[in-house]
Amino acid sequence: MANEDVTEAAPAAQTNDDSPDGTGSTPEPGGDDARARRMKRLRLQTVQNMVLSLAIICAGTFLAYFLMSNDGGGQDPVRTVEYEVASATAARAAPYPVRVPVGLSEDWRATSVRFEPQGEHGVTWRLGFVNPDDEYVALAQADGTAEDFVRSVTQQAEDTGATERVDGRDWARWEGEKYDALVLSEADVTTVVMGTAPLDQLARMAGALEPRDAGA
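Counting with my numbering, you get residues 1 to 216 for the letters of the sequence shown.
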């Protein structure tokens with residue numbers, strides 16, 4: 001019998017079928033730890049970017065507020081009002097002489113005006129000012145009960161029993177936590193000059209008051 005040639009195939013190289021690409025490459029040692037470190041760095045960088053952006057926004061907002069509050073566009077923050085028409089209307093309608101200040105400098109700025117032909121304290125006329133020192137000084141008149149009216153407009157000031165002589169008339173001095181006042185009580189009307197200004201400024205306003213001409 002003739003000899004048969006037997007050829008054995010060489011064993012195939014062992015592959016690592018567990019590799020993701022099937023190439024049989026060996027996973028990098030510590031691969032999971034490296035990926036975790038990269039993710040941690042990315043998260044930290046994201047937080048830092050957010051903090052930096054927030055800081056920039058806050059700084060810009062503060063700068064804008066600072067510039068606006070210090071510049072103000074060159075405008076006076078006190079809003080003034082015109083009271084000529086209102087006082088003429090009040091003088092025609094009120095049963096008593098409506099008074100307005102005459103001769104005050106332009107530094108006395110009218111900031112509020114109100115006439116009530118029928119109110120809690122009767123016919124009421126009010127006029128508010130800011131004086132040259134930026135203190136509040138106001139005039140209030142009414143023909144209702146004097147004590148109730150004075151306590152209301154002065155926010156519960158009390159009569160001190162003292163008086164202040166202004167242009168030959170005695171004004172009662174009232175003092176309170178919010179406003180002090182000079183009060184002139186007449187038969188048909190109670191006139192109050194009150195505010196946060198010192199007594200001499202209240203007296204300055206009281207001395208400037210004159211009856212408004214109803215026909216003007």
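Hints listed in this document are in silico derivations from the structure and should not be mistaken for laboratory results. Check each hint, because a few of them may be wrong.
[What the hints assert, rightly or not] Label pairs and their in silico Cβ distance ranges:
no.	residue 1	residue 2	range
1	D167	E120	18 to 24 Å
2	D107	Q45	57 to 63 Å
3	Q155	V81	31 to 37 Å
4	R79	K40	55 to 61 Å
5	D133	R165	20 to 26 Å
6	E106	A162	29 to 35 Å
7	V78	G215	27 to 33 Å
8	E147	G215	32 to 38 Å
Values in this document were obtained by computation on a predicted structure and should not be read as measured data. Even for Gly, the Cβ is constructed at its ideal location relative to N, Cα and C.
Each hint tested on the structure:
Between D167 and E120 the C-beta distance comes to about 30 Å, which lies outside the given range of 18 to 24 Å. Our hint of 57 to 63 Å for D107 and Q45 holds, since their Cβ atoms are close to 60 Å apart. Separated by about 22 Å at the C-beta atoms, Q155 and V81 break the suggested range of 31 to 37 Å. Our hint of 55 to 61 Å for R79 and K40 holds, since their Cβ atoms are close to 58 Å apart.
Take D133 and R165: their Cβ atoms lie about 23 Å apart, and the range 20 to 26 Å holds. In this structure the supplied range 29 to 35 Å holds for E106 paired with A162, their Cβ-Cβ distance being about 32 Å. With their beta carbons about 31 Å apart, V78 and G215 fall inside the hinted range of 27 to 33 Å. Checked against the hint of 32 to 38 Å, the pair E147 and G215 passes, with Cβ atoms roughly 33 Å apart.
Going through the hint list in order, the structure does not satisfy hints 1 and 3.
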